Amino acid sequence: MVENAPVIETFRISKNYGLVEAVKDLTVSIPQGGTVGLLGPNGAGKSTTIKLLLGLVNPSLGEGKVLGMDIRTKGLEIRDRVGYMPEHDCFIGDIDAVKYVMHLGRMNGMSVADALRRAHEVLYYVGLGESRYRKIETFSLGMKQRVKLAQALIHDPELLILDEPTTGMDPDGRIDMLELIKDIAKCEDKTLVMCSHILADVERVCDRVVIMNRGKLVRTGSLKELVEGKKEAIILRVKGDSNLLIDKFEREGISAELRDDAILVFAGNNPSIKKKVMEIMAEAKMQLRYFGKPTASLEDLFLSTISYEEEAEREKASI
Amino acid sequence: MSIESLGYKEWEGQKHGRFYKVLSLVDYEVRHAWSSIWVKILIIIAWLPVLIIFLVPVTEISEEGVDRAFYNLVSFTTSITIWLPIMAGLIGGGLIANDKNNKMFSMYFSRPLRREDYIAGKVGGFAVLMSIPTIVPALIIYIVLIGKSDLSLLVFIKKSWLLGAAWLYFILLIALFGSLVLFLSSVVTDSKYAVVGLFTIVILSDLIANLLWLASDNEIYRLGSLTFNLENILAEFLGIDQSTLQLADQQNGGVGGLVSAWKSLVVIVGITSFMSVLTLLRLLSLEEE
Numbered sequence: 001m002v003e004n005a006p007v008i009e010t011f012r013i014s015k016n017y018g019l020v021e022a023v024k025d026l027t028v029s030i031p032q033g034g035t036v037g038l039l040g041p042n043g044a045g046k047s048t049t050i051k052l053l054l055g056l057v058n059p060s061l062g063e064g065k066v067l068g069m070d071i072r073t074k075g076l077e078i079r080d081r082v083g084y085m086p087e088h089d090c091f092i093g094d095i096d097a098v099k100y101v102m103h104l105g106r107m108n109g110m111s112v113a114d115a116l117r118r119a120h121e122v123l124y125y126v127g128l129g130e131s132r133y134r135k136i137e138t139f140s141l142g143m144k145q146r147v148k149l150a151q152a153l154i155h156d157p158e159l160l161i162l163d164e165p166t167t168g169m170d171p172d173g174r175i176d177m178l179e180l181i182k183d184i185a186k187c188e189d190k191t192l193v194m195c196s197h198i199l200a201d202v203e204r205v206c207d208r209v210v211i212m213n214r215g216k217l218v219r220t221g222s223l224k225e226l227v228e229g230k231k232e233a234i235i236l237r238v239k240g241d242s243n244l245l246i247d248k249f250e251r252e253g254i255s256a257e258l259r260d261d262a263i264l265v266f267a268g269n270n271p272s273i274k275k276k277v278m279e280i281m282a283e284a285k286m287q288l289r290y291f292g293k294p295t296a297s298l299e300d301l302f303l304s305t306i307s308y309e310e311e312a313e314r315e316k317a318s319i
Numbered sequence: 320m321s322i323e324s325l326g327y328k329e330w331e332g333q334k335h336g337r338f339y340k341v342l343s344l345v346d347y348e349v350r351h352a353w354s355s356i357w358v359k360i361l362i363i364i365a366w367l368p369v370l371i372i373f374l375v376p377v378t379e380i381s382e383e384g385v386d387r388a389f390y391n392l393v394s395f396t397t398s399i400t401i402w403l404p405i406m407a408g409l410i411g412g413g414l415i416a417n418d419k420n421n422k423m424f425s426m427y428f429s430r431p432l433r434r435e436d437y438i439a440g441k442v443g444g445f446a447v448l449m450s451i452p453t454i455v456p457a458l459i460i461y462i463v464l465i466g467k468s469d470l471s472l473l474v475f476i477k478k479s480w481l482l483g484a485a486w487l488y489f490i491l492l493i494a495l496f497g498s499l500v501l502f503l504s505s506v507v508t509d510s511k512y513a514v515v516g517l518f519t520i521v522i523l524s525d526l527i528a529n530l531l532w533l534a535s536d537n538e539i540y541r542l543g544s545l546t547f548n549l550e551n552i553l554a555e556f557l558g559i560d561q562s563t564l565q566l567a568d569q570q571n572g573g574v575g576g577l578v579s580a581w582k583s584l585v586v587i588v589g590i591t592s593f594m595s596v597l598t599l600l601r602l603l604s605l606e607e608e
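Protein chains in written order, with this note's numbering: chain A, 1 to 319; chain B, 320 to 608.
Hints in this document: simulated from the structure, not taken from any laboratory.
Misleading hints may appear alongside valid ones.
[What the hints assert, rightly or not] Anything over 10 Å on all C-beta distances counts as not near chain B; from chain A, calculated: (1) Gly33; (2) Gly109; (3) Pro171; (4) Lys186; (5) Ser222; (6) Glu225; (7) Gly292.
[What the hints assert, rightly or not] Derived list of chain B stretches under chain A, where covered just means 3 residues or more per stretch with a C-beta under 8 Å from a C-beta of chain A: (8) 342-350; (9) 409-423; (10) 431-441.
Since we're looking at a predicted model, the values are computed, not measured.
Even glycine gets a Cβ: it sits at the ideal position worked out from N, Cα and C.
Please model the entire structure based on the sequences and the hints provided.
Listed below in structure tokens is the structure:
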């Protein structure tokens, strides 16, 4: 792979299952290193995107590369260098953790000796050193998640795709798992893609996010930039008709939207926006009850992005 | 992170090709099946004729009575036919069904493992396990006969076709039951259903074919019975006198006519090929599930 080339690069890929468009026109570029959060509600197309990236299914349209290799033709080569931790349990219950991880290492082409040594190593790393000879069927949910992480790491992949890695874990176990993910991400040549519904987890470990909805990419970028961008907004609470005020803002070219009982005004990088907002409010003779910056989090960003997209979809449908 | 962990360690090593992965899968399947007590019991039962031949003296058999000596091999081949469907069900029933039930496909196919290699590994595992109670003991019986009798080596060389025929018959048997049980295993998620399905096919084919044959007096219907076809092929392969079978058939109320063994062979090879193609298509489509 070319130095600093994107690890994942897709150009307008779509995947249709019959009449259902699971992924639509997805164009995304993920640079090498760090952890990327793949977010989206159920049915957003995350699982299909993972299958496309692993070369398990071919896109109906578009092109894509993972680690510099074509996803249409180089599926096996891609999977050789990618580790995948699936969301659901997939275990051979009646064998112990060492045998299980070793068996999957051999499926990657590792020799018996290498697979055995590495199985011990990764099981220790994920914190299952003491339980590695126990049958997997006796493991708790959290321990099973760790085994899944261990099997994904056995061949030391360059790209690690983790699907809901903290599902079913207790708070302590969750923190341990996130620390492990952060630790793996410290390796400069490794890139992690983490799908999760738990936005706090994503916020904790990811430095970039890709947000999908209904098969489409709705937002992507550095988590810091996206959340900071949100912080550039102003939040207002007024006595009176908020919608009337929003209309006035929009007539003056200021982007604003109603959020619960407050008005969110998008300030961007315009330093004179506060003054302008105050002038409009004075003109409208509206009593101000609150003026400040919103507390921005990934959850805010996610919810506002998804609801905006859904509203836009509804509007399009009504036209 | 665990307290004993020294952080993430990178790995550098040689990775082997697809043939190695197939062998690894075969190795795993054999070891995994061997951990079942039932598989061990059935294999021990199948090996009983070998143990008996070790204990029974065969040195007094003269050259004229050589066929009697080889009767050990023939009777072993015949008796194993009864055990083979049970063995096939027990070993093959869970080969794919268990992976489906455990959702192991996402683990296997997210790795650089081709679907064809997965199928080859499963078939290989099944074949190795099934050869333990068939091909291997037949060879041992033959060697024991050589070692324990006073017959000249030339007689054994002359009769070696019998071992070859027994092996060919076992291969046919393993292929037939393998294709049936692997297909059944690929469509169910519980291995029990695959076993029940296999027995149902064997029993029903026999029942329906015999009913149709008795009702119509038309021999051709007998080709519908798996067991009849296998017996017919076995008799042809091992050179068993067909007239005795014919007589026994008449004594049991049958018409005594015999269907050509080659027709039976065509039926068995046809069923095996058809089921193999079905299994292959089924497994290649499983990626989308």
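Hint check:
Once the 10 Å rule is applied to beta carbons, glycine 33(A) is consistent with being away from chain B; the minimum gap is 14 Å. Its beta-carbon lying about 4 Å from the closest one in chain B, glycine 109(A) breaks the requirement of being farther than 10 Å from that chain. With a least CB separation of 16 Å from chain B, proline 171(A) remains clear of the 10 Å interface cut-off, as annotated. For lysine 186(A), the non-interface assignment is contradicted: its Cβ lies about 8 Å from the closest Cβ of chain B, within the 10 Å cut-off.
The claim that serine 222(A) lies off the interface holds: its Cβ sits roughly 24 Å from the closest Cβ of chain B, which is beyond the 10 Å cut-off. No Cβ of chain B approaches the Cβ of glutamate 225(A) within 10 Å, the least distance being about 28 Å, so the stated non-interface status holds. Interface exclusion of glycine 292(A) from chain B stands, the closest Cβ pair being 40 Å apart, more than 10 Å. Counting residues of the segment 342-350 of chain B whose CB lies closer than 8 Å to any CB of chain A gives 3, so the stated coverage by that chain holds, three being the minimum.
Restraint check on the segment 409-423 of chain B versus chain A: 4 residues with Cβ-Cβ distances below 8 Å, three needed, restraint holds. With 3 residues having a Cβ less than 8 Å from any Cβ of chain A, the segment 431-441 of chain B passes the three-residue criterion, so the hint holds.
The earlier numbered hints that this structure contradicts are 2, 4.
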